[in-house]
Each structure stands twice: as structure tokens, then as C-alpha cells.
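As given, the protein sequences belong to chains A and B, one line each in that order. What the first sequence shows, in UniProt numbering, is residues 1 to 198, in sequence order. What the second sequence shows, in UniProt numbering, is residues 1 to 198, in sequence order.
Worth flagging that the hints you see were computed from the coordinates, not collected in a lab. Any given hint could turn out to be false.
[Unchecked claim] Here are some chain B residues pointing at chain A (derived, C-beta under 7 Å):
#, residue
1, D6
2, Y127
3, I157
4, E158
5, G166
6, L182
7, D184
[Said to hold, decoys possible] Calculated cross-link-like contacts (lysine to any residue; reagent style SDA-like; alpha-carbon spacing at most 25 Å):
#, chain 1, residue 1, chain 2, residue 2
8, A, K121, B, R174
9, B, K185, A, M103
10, A, K121, B, K86
11, A, K121, A, E181
12, A, K120, A, R11
13, A, K120, A, K143
14, B, K121, A, K121
15, B, K120, B, V196
16, A, K86, A, T188
17, A, K185, B, V196
18, A, K9, A, T69
19, A, K86, A, M103
20, B, K185, A, L191
21, B, K185, A, F50
22, A, K143, A, I130
23, B, K185, A, R71
24, A, K185, B, D124
25, A, K143, A, E98
26, A, K9, B, R20
27, B, K185, A, T69
28, A, K86, A, E181
29, B, K185, A, R131
30, B, K120, A, R23
31, A, K185, B, R20
32, B, K86, A, N152
33, A, K9, A, V64
The C-beta atom is built at its ideal place from N, Cα and C for all residues, glycine as well.
What follows is each chain in one-letter form.
Number of protein chains: 2
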Amino acid sequence: MPKIVDHDKQRVLVAEAAWRVIRRNGMEQASVRNIAEEAGISVGSMRHYFSTQSELLLYAMNLVSERVTSRIQRMTFDGPPMEDMKRLLLELMPNTDEKMAEMEVWYAFTAKSKTDPALKKLADTVYNDIRRAVEIVITSLTKLELFRPDLNQALEIERLYALVDGLAIHAVLRPDQVTSELMDKALTLHLNSLCVRQ
Amino acid sequence: MPKIVDHDKQRVLVAEAAWRVIRRNGMEQASVRNIAEEAGISVGSMRHYFSTQSELLLYAMNLVSERVTSRIQRMTFDGPPMEDMKRLLLELMPNTDEKMAEMEVWYAFTAKSKTDPALKKLADTVYNDIRRAVEIVITSLTKLELFRPDLNQALEIERLYALVDGLAIHAVLRPDQVTSELMDKALTLHLNSLCVRQ
Chain A
1 MPKIVDHDKQ RVLVAEAAWR VIRRNGMEQA SVRNIAEEAG ISVGSMRHYF STQSELLLYA
61 MNLVSERVTS RIQRMTFDGP PMEDMKRLLL ELMPNTDEKM AEMEVWYAFT AKSKTDPALK
121 KLADTVYNDI RRAVEIVITS LTKLELFRPD LNQALEIERL YALVDGLAIH AVLRPDQVTS
181 ELMDKALTLH LNSLCVRQ
Chain B
1 MPKIVDHDKQ RVLVAEAAWR VIRRNGMEQA SVRNIAEEAG ISVGSMRHYF STQSELLLYA
61 MNLVSERVTS RIQRMTFDGP PMEDMKRLLL ELMPNTDEKM AEMEVWYAFT AKSKTDPALK
121 KLADTVYNDI RRAVEIVITS LTKLELFRPD LNQALEIERL YALVDGLAIH AVLRPDQVTS
181 ELMDKALTLH LNSLCVRQ
């Protein structure tokens, strides 16, 4: 079914064009017309791929999440546990050009999600998925008897999750100040502070 | 000069109307026309207050920052130092309806600031101001000989700042999950973890 494959491929190309428009000109400029122009196709043929602008934006937002998920699913976790956990959390942070681009687009989409129910539903799902990853880190530390027994698991999940997202957003807003090295250092320090001294 | 006073008052009313449009309908709907309608004045008379939409949005963004600053300037710090520092940092978090409204609007403005140089300049200034407040907390802990000598001041400033903003943004995105109580608990825990045991 080569036609279907092409159709899906074209949808991805249009979504990536939407990302570029959003990053360069802002969400306000993400009209079907501007995205068609960026993708190099006619406004008329956009209808073959997306019925509405809302459908297109939801698809483009979901594609960010799929890219992140697929990268995490391709990771192997067979190193020292603390290193593996740190790598998992760092994977969620914008420490490469590709991830910075994704995070910038994601930031714009979550801002828009406050007033768009379809985007909000997706934003909430992804929020929960990442929270679950952070929860796995904390429960793994506990199983490994590394987690400090005087700490509260539930509270530490929220604190670690807030730190991860806070660093990521600071890196998006101020890449000059919050560098990859700083994110790595802050995260390492934080994970160590959750563990018993060895 | 009652006329000038009225003029300034009217600009504030228009900016607050812009906030309501942004919160309810998103930044994409923050046109001069929609904001005029929300403010209950004619599109024609908007020209008396703001020459362009950009000028209006910059003013509306700046008004958020002024409100926060003026609240902090009105605070008195004469309690136990740890309590004072916690109160200062909690003041930056959306734990009241008024502050939640401001934070939601601020989130929308910072997302837009990525592609708008005038908003970006303001966003950077405010980023630096809040970083300075966090820095004062850490240096005060040090002066009071409460700050753990095994910790790195510069890194702890970034970690605390990321935590504060991460919690604030999670509260904006998921007020059902990140409540005022949780922000308070996470912040208390974090500040205590920076201090020597007493």
C-alpha cells in the first residue's frame, strides 16, 4: 500500500513544517496557509492530510511526544543503576539541538493547551507518562535500597519531576545560562542527595 | 492632572482585559479588536492608549511583573530567617487565585517571548530578577551559617530556582496534582535539605 505510506510520510513532513513555523514565528503564525507554504505544498492539497488546523496542530504536538517516547524505548539500561536512571532523566532534557527544538515546540503547545481541550488532553497524558518515569526512578532506588529511608517517596517524586521540568524550561528560556553541563550537574547532585551514603 | 491619571488607569484596564482574553481564549486571540471588546471600548479609541498590538502586549506582560514586584516589596521580613525565606519563595508560586491568573498569563507571554524580541527582553530581565531573589536566599543561608558547607552555592542557586519554577509550572498545568500544600511541602523539604542539621 505505497499510497498510504506516502500519505503518512506527507503528514509527518507537514507536522515538521508546523514545528518550524512555531519555532521561528510563534504559535500565532501557525495557520494552515503558513504551514502549507513552509511545507512547500498548496493550501488546497493540505485538505488531503488534515481536515482542520486543530487536527494538524494536535498531530504535530503528538509527533513531538512520539519522538521522545521512541528514543526512550530504544535506550538500553544495563549499566550501573544510578547511571541508567540519570541517563533516563537526562533524555527528557533539551541537551541536544534536536531535543531543544522539540522542547521549544512542546513549550508553545503546552501554553496553547490551556485554552484548547484536545491539546490539553494530550498534554495531560504526557504529563502523566513523564511523572510515571520519574516514579519508576524513585521506586527503583527504593528497591535497590539506595533511597534514603527518612525521605517520603510521594513527595520526592514531585520534587524530582519539578526539578527536571524546571531545568528543561530554564534551558529553553535561557540556553546561555542553563547549559547541558549544568543540567547534568544539578541532576547528579539531586539523585545523590536522595540516596544513602555509600 | 486628572486626564493623565485617567489615561494610565485606562491602560491598566485594557491590559487586564488582555489578560482575560489570553487566559480564556489563548494568545492567538489577543487581537486589538478582541481586547477592545473585552475592555468595553471601541477599537478606534484603543489608539489613544496603545499605538500597536505589540505595545499593548508588552505593557500587559510588564504589568504582571510589576504586580509581583510590588507584592514582594510590601512584604516584611522580621520572622525566623527560614520562615522569611520560605515566604519569599512561596510568594513566587501560584498558591492563590490571583497569582494563578498572573502565572497563567506569564506562561503564555514567555512562550510568545521566544519569537518576540521586545517580550524576550522583558522575560530575560524578570528571569534575572527572580534568579537574584533565589541567590539572596542562598547567600543569606550562608551568612547565617545554616548553609551546608559541603554544597556548592552556584549550583544550589540553579537547583532551587529550577525547583521553584518547575513547581509553579506544574501547578499551572496540573492544579489538580500540584496543590498549594504540595508546593509548600516540597519547598520546605528542599530548604531544609540545604541546611546543616540543628
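We went through each hint and held it up to the structure:
1. D6: B/D6 check fails; min Cβ-Cβ to chain A is 31 Å, beyond 7 Å.
2. Y127: 6 Å, holds
3. I157: Violated, because the Cβ-Cβ distance from B/I157 to chain A comes to roughly 10 Å (cut-off 7 Å).
4. E158: 6 Å, holds
5. G166: 3 Å, holds
6. L182: B/L182 check passes; min Cβ-Cβ to chain A is 6 Å, inside 7 Å.
7. D184: 11 Å, violated
8. A/K121 <-> B/R174: 11 Å, holds
9. B/K185 <-> A/M103: 28 Å, violated
10. A/K121 <-> B/K86: The hint is violated at about 33 Å.
11. A/K121 <-> A/E181: 33 Å, violated
12. A/K120 <-> A/R11: The hint holds at about 21 Å.
13. A/K120 <-> A/K143: Violated - the C-alpha atoms of A/K143 and A/K120 are around 34 Å apart, more than 25 Å.
14. B/K121 <-> A/K121: 32 Å, violated
15. B/K120 <-> B/V196: 39 Å, violated
16. A/K86 <-> A/T188: With Cα atoms ~7 Å apart, A/K86 and A/T188 stay inside 25 Å; holds.
17. A/K185 <-> B/V196: 21 Å, holds
18. A/K9 <-> A/T69: Distance of about 19 Å is within 25 Å: holds.
19. A/K86 <-> A/M103: Holds: A/K86 and A/M103 sit about 19 Å apart, inside 25 Å.
20. B/K185 <-> A/L191: Holds - the C-alpha atoms of A/L191 and B/K185 are around 19 Å apart, at most 25 Å.
21. B/K185 <-> A/F50: Distance ~45 Å between B/K185 and A/F50 Cα, so the pair is violated.
22. A/K143 <-> A/I130: 20 Å, holds
23. B/K185 <-> A/R71: 34 Å, violated
24. A/K185 <-> B/D124: 23 Å, holds
25. A/K143 <-> A/E98: 34 Å, violated
26. A/K9 <-> B/R20: 40 Å, violated
27. B/K185 <-> A/T69: Roughly 31 Å between the alpha carbons, so the hint for B/K185 and A/T69 is violated.
28. A/K86 <-> A/E181: Holds - the C-alpha atoms of A/E181 and A/K86 are around 13 Å apart, at most 25 Å.
29. B/K185 <-> A/R131: 18 Å, holds
30. B/K120 <-> A/R23: Holds, at about 14 Å.
31. A/K185 <-> B/R20: 40 Å, violated
32. B/K86 <-> A/N152: Holds - the C-alpha atoms of A/N152 and B/K86 are around 20 Å apart, at most 25 Å.
33. A/K9 <-> A/V64: 15 Å, holds
Checked against the numbered hints given earlier, the structure breaks hints 1, 3, 7, 9, 10, 11, 13, 14, 15, 21, 23, 25, 26, 27, 31 and satisfies all the rest.
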